[in-house]
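Trainee: For reference, the chains in residue letters:
2 protein chains.
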Amino acid sequence: MPQRQRAHFINSLSGFKSANLIATQDLCGNTNLAIFSSVVHFGASPPLVGLIMRPNNGNRHTLDNILNKSLFTINQVSVGHYQQAHQTSAAYTKNECEFKSVGLNKEYLEGIDVPFVKESQLRYAVQLKDVLPITHNNTQLILGEIIHVCCNSNAIKADGYIDIESLETVTVSGLDSYHITQRLSRLAYAKPNQKCDVLSDVI
Amino acid sequence: MPQRQRAHFINSLSGFKSANLIATQDLCGNTNLAIFSSVVHFGASPPLVGLIMRPNNGNRHTLDNILNKSLFTINQVSVGHYQQAHQTSAAYTKNECEFKSVGLNKEYLEGIDVPFVKESQLRYAVQLKDVLPITHNNTQLILGEIIHVCCNSNAIKADGYIDIESLETVTVSGLDSYHITQRLSRLAYAKPNQKCDVLSDVI
Numbered sequence: 004m005p006q007r008q009r010a011h012f013i014n015s016l017s018g019f020k021s022a023n024l025i026a027t028q029d030l031c032g033n034t035n036l037a038i039f040s041s042v043v044h045f046g047a048s049p050p051l052v053g054l055i056m057r058p059n060n061g062n063r064h065t066l067d068n069i070l071n072k073s074l075f076t077i078n079q080v081s082v083g084h085y086q087q088a089h090q091t092s093a094a095y096t097k098n099e100c101e102f103k104s105v106g107l108n109k110e111y112l113e114g115i116d117v118p119f120v121k122e123s124q125l126r127y128a129v130q131l132k133d134v135l136p137i138t139h140n141n142t143q144l145i146l147g148e149i150i151h152v153c154c155n156s157n158a159i160k161a162d163g164y165i166d167i168e169s170l171e172t173v174t175v176s177g178l179d180s181y182h183i184t185q186r187l188s189r190l191a192y193a194k195p196n197q198k199c200d201v202l203s204d205v206i
Numbered sequence: 004m005p006q007r008q009r010a011h012f013i014n015s016l017s018g019f020k021s022a023n024l025i026a027t028q029d030l031c032g033n034t035n036l037a038i039f040s041s042v043v044h045f046g047a048s049p050p051l052v053g054l055i056m057r058p059n060n061g062n063r064h065t066l067d068n069i070l071n072k073s074l075f076t077i078n079q080v081s082v083g084h085y086q087q088a089h090q091t092s093a094a095y096t097k098n099e100c101e102f103k104s105v106g107l108n109k110e111y112l113e114g115i116d117v118p119f120v121k122e123s124q125l126r127y128a129v130q131l132k133d134v135l136p137i138t139h140n141n142t143q144l145i146l147g148e149i150i151h152v153c154c155n156s157n158a159i160k161a162d163g164y165i166d167i168e169s170l171e172t173v174t175v176s177g178l179d180s181y182h183i184t185q186r187l188s189r190l191a192y193a194k195p196n197q198k199c200d201v202l203s204d205v206i
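Each protein sequence line maps, in turn, to chains A and B.
Offset between the first sequence (1-based) and this note's numbering: plus 3.
Offset between the second sequence (1-based) and this note's numbering: plus 3.
You may find that some hints are simply not true.
Below are the DMTMM-like pairs computed for lysine to aspartate or glutamate, each with C-alpha atoms no more than 25 Å apart in a straight line [stated by the list, open to error]: (1) A:K132 <-> A:E110; (2) B:K194 <-> A:E122; (3) B:K121 <-> A:D200; (4) B:K132 <-> A:D29; (5) B:K198 <-> A:D133; (6) B:K109 <-> B:D67; (7) A:K97 <-> B:E99; (8) A:K194 <-> B:D200; (9) A:K72 <-> A:E148; (10) A:K121 <-> B:D200; (11) A:K132 <-> B:E99; (12) B:K194 <-> A:D133; (13) B:K97 <-> A:E148; (14) A:K121 <-> A:D200.
Since the hints were derived computationally from the structure, they do not count as laboratory data.
Predicted model only: the values in this text are computed from it and were never measured.
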């Protein structure tokens with residue numbers, strides 16, 4: 004397969020992916036914003052997330068800023084701004100501000116020296132913990148600890164689950180397809196030799 | 004937060020996740036099947052996927068089999084079998100076969116000595132490439148190379164994109180919520196100073 008066709012094909016195989024904007028800032032105060040579909044949950048205790056940095060300078064500005072400040076924010080992408088979020092993947096120069104270029108707004112919280120995306124309904128600050136080189140394809144796995152979460156409390160259910168569908172969070176397939184979701188059901192904690200139970204009262 | 008509530012909360016933060024069944028086989032021919040929401044695309048060339056193994060023996064049988072055979076299959080979960088897929092997360096003993104216990108069927112392809120899930124519409128065999136320890140929480144990142152893909156050709160578009168929504172692939176949020184999707188649009192490759200274009204003719 005030609006390179007681009009192969010990229011579409013292989014990117015589709017893992018299934019639906021998360022859509023998040025990574026916001027960073029350099030030591031001079033210049034900000035950067037980039038969409039990632041590789042943010043993945045690594046563990047709840049400590050609360051760890053990972054994301055994959057491509058080689059060939061694909062995410063150079065984001066990576067430089069993360070390494071310099073050891074702090075970044077992750078902002079879930081929702082229906083209202085998914086097109087602006089996708090546009091951050093364009094090859095802007097270091098001096099161009101993606102926030103301004105794509106039409107999204109910065110918001111700062113006290114004590115956190117990197118911006119959040121104002122339009123995002125679920126966002127959090129992450130402290131860099133580790134950078135693991137993946138030698139097989141020169142990518143890097145960025146590992147960080149979640150230190151501050153901002154989310155509308157209506158979306159947080161009694162058992163801790165966050166109803167990200169109610170926040171209109173989108174999901175990605177392949178390189179460029181964006182989707183909203185419709186819940187089938189939540190399912191009870193599975194036990195051997197017991198039928199799978201639908202949780203009907205939690206949402 | 005109590006441990007379980009915290010797990011629900013933190014698991015929701017990364018956004019929508021993939022839903023995949025990992026099928027493995029030990030050296031005696033005993034098979035294992037387990038649902039994972041942590042399968043993530045690592046790169047197209049070479050075609051690499053990763054998945055995260057929990058500590059505390061959570062995925063012990065799957066991990067043992069992968070390490071012993073260096074081969075496993077990844078099978079996307081779709082609407083028709085998501086409840087059976089969830090049920091594989093129950094703590095079955097090593098001698099219980101999850102395929103049989105949850106009511107899913109094995110299928111073997113010539114030359115590949117691990118089973119596929121017959122009910123899955125998009126599935127592939129993966130050769131183990133690396134196991135990276137994540138020391139911060141005792142998880143392990145399993146990296147593998149995709150060596151053989153089975154997918155209905157109707158779902159594969161001219162540009163290589165696979166329409167996994169047409170295959171009714173589901174997505175997961177938090178620990179236990181399953182969702183179908185509805186496409187908003189595919190978006191053109193983004194370029195600076197050019198409006199984001201909707202690709203209307205590719206699906």
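Trainee: Does each hint hold? Answer for all of them.
Mentor: Hints, one by one, checked against the model:
{"no.": "1", "hint": "A:K132 <-> A:E110", "result": "holds (24 Å)"}
{"no.": "2", "hint": "B:K194 <-> A:E122", "result": "holds (22 Å)"}
{"no.": "3", "hint": "B:K121 <-> A:D200", "result": "holds (23 Å)"}
{"no.": "4", "hint": "B:K132 <-> A:D29", "result": "violated (35 Å)"}
{"no.": "5", "hint": "B:K198 <-> A:D133", "result": "violated (36 Å)"}
{"no.": "6", "hint": "B:K109 <-> B:D67", "result": "holds (19 Å)"}
{"no.": "7", "hint": "A:K97 <-> B:E99", "result": "violated (56 Å)"}
{"no.": "8", "hint": "A:K194 <-> B:D200", "result": "violated (47 Å)"}
{"no.": "9", "hint": "A:K72 <-> A:E148", "result": "holds (14 Å)"}
{"no.": "10", "hint": "A:K121 <-> B:D200", "result": "holds (23 Å)"}
{"no.": "11", "hint": "A:K132 <-> B:E99", "result": "violated (39 Å)"}
{"no.": "12", "hint": "B:K194 <-> A:D133", "result": "violated (31 Å)"}
{"no.": "13", "hint": "B:K97 <-> A:E148", "result": "violated (34 Å)"}
{"no.": "14", "hint": "A:K121 <-> A:D200", "result": "violated (38 Å)"}
Checked against the numbered hints above, the structure breaks hints 4, 5, 7, 8, 11, 12, 13 and 14 and satisfies the rest.
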